[in-house]
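Undergrad: Here are the chains, one letter per residue:
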Amino acid sequence: MKRISRHWINRCFVFAAWTAAGLCGLLLAGLLAAITWKGMGAMNPEFLLTRARDFGSAGGIFYQLAGSLLLVVAAALLCFPVAVGTALFKSEYLRSKRLKHLSTLLVYGLNGVPSIIFGIFGLIFFVNVLDTGVSWFVGSVILAMMMLPTVVQAAYQAIESIPTMYRESARALGLSKWQIVVKVLLPQGLGGAITGLFLGLARAVGETAPIMFIATAFSGVDVPGSLFEPVTTLPTHLLALAQQATDPQALQNAWGTGLVLMGLVTCFSVLGLVSRTKLRRFSQR
Amino acid sequence: MSRQRASLKVIHPSSEADGDPSIVARGLNVWFGDMHVLRDVDVTLHPHRINCIVGPSGSGKSTLIRSVNRMNDDLEGFTCTGNVRVGGRDVLDDGTDAVRLRTEVGMVFQKPCVFPRSIAENVLFGVQDQQRLSREERSTLVEENLRAASLWREVKHRLDAPAGSLSIGQQQRLCIARTLAVRPRIVLLDEPTSSLDPVSGRAIEELMGELKKKYTIVLVTHDIRQAWRVADHLIFLCDGRVIEQGPADQLFRSPAHEETRQYLSESYCAC
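First to last, the sequence lines map onto chains A and B.
With our numbering as the guide, the letters of the first sequence map in order to residues 1 to 285.
With our numbering as the guide, the letters of the second sequence map in order to residues 1 to 271.
Not one of these hints is a red herring.
Dumping the calculated DSBU-like pairs for lysine-lysine here, alpha-carbon to alpha-carbon at most 35 Å:
hint, chain 1, residue 1, chain 2, residue 2
1, A, K278, A, K90
2, A, K97, B, K111
3, B, K111, A, K177
Calculated from the structure, these hints are not laboratory results.
Just so it is clear, the structure is predicted and the values come from calculations on it, not from any experiment.
Given only the sequences and the hints, what does the whole structure look like? Please build it.
TA: The structure is reproduced here in structure tokens:
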């Protein structure tokens, strides 16, 4: 009797787990299918390679795509050294367990800050107090701050997972702490940090709220001439197009923009996963 | 550059004679937190001999040799009193540069740990200012040290192969070559054969016999038969105390303490 009930409980549990996973997969597949189905209509070389006209209801998304890439590439360049440095400090130089725990809490705390708060902070601190004006560079700084927890955690875990015997062997050879960082920890931990960076980029490229007030313009902008000029981006363009939902051409372009944005997010996520495998193999050569 | 070249010709580190490569510990006490691991240890380790430290697990053998090159420094709760003199200089003194000390006192661990690089790069891993060396000088350094570790014949045609592709026994000899490339005067071997098969273990034992001509060897082992085969000087450690020390022949033939006799004959100690 007991055996039968355990058997059925086990089957129910397996069924529940499959259902949960299936629902999750269906939701994602449905969303991707809908965006692809609707967005493919707008997809052609002209859409990707020309500038927007009539507030986006005509023309393409070239400058929005370029603006989004500019923002996230600059954010990655700003974020990466700070994140790796923080992870190294936490792993190698922070001795106190309490301080390590506190730093983990801070990183998680930063990860939990709503994106609009980052936007408001950027608006008050950079645009108002420092008087930078609406600037793509400020947007990159804010996106870098948002990516920081993901990259720090990924880099920290990658460094922590390096077996202690590598550190011990290097120390026993007379290498200083800095040399151990450069010759042992960075080559082996970099893969994990780069994976984290791509995952952070996947999140950052789709953000609207933090950059809406501080880095972007809805239209009339192409290539910025300096650090302190706005850009147009895919998420804000999508927002602008969605507000013109009565215009079928604008709606079509909105779906197309959504598809390109999803493509970018997917690209960064896939690069993150691929880099994890490839770079791990490289570091373990 | 020329100074570097000149220094490369010196193969025998002990012939530099900048101090006696003997090790003398006096009144050495080590704690990890509340745990008193070494208690008033007085030992003398002799140059150009295989100084073998034996004792049961947890007797403080590894802690003792790690005190010689200050590898305990970063371990949590580590404190110590007493002194350890290497060539007459107290290495536990605050003024001693521990990083530099480790270039004079090399160490090989229980499990071979090669870096995820080529065989040649592993040999050169600890060599400072590598970029100042020419390609030929680097090749010479690699060959010299692989020969010294009796590995050259086996790997000379695949120096660029990943070090991880070597057998475990070869990896341990590569670790020894890597240690020798830093030009230490003393080599600490912490149970270097315990993770190896008997054939590889014997190869390392033969190598130790060669190395003692140039280096002071300190070997930690819990294998009494190995100690009997290779040791010149024997130290028996139990529960953090030195029970007996002296020439290995004498300790094996007529130990002064019952605990030593018991441990060396039965690998058991009641202390």
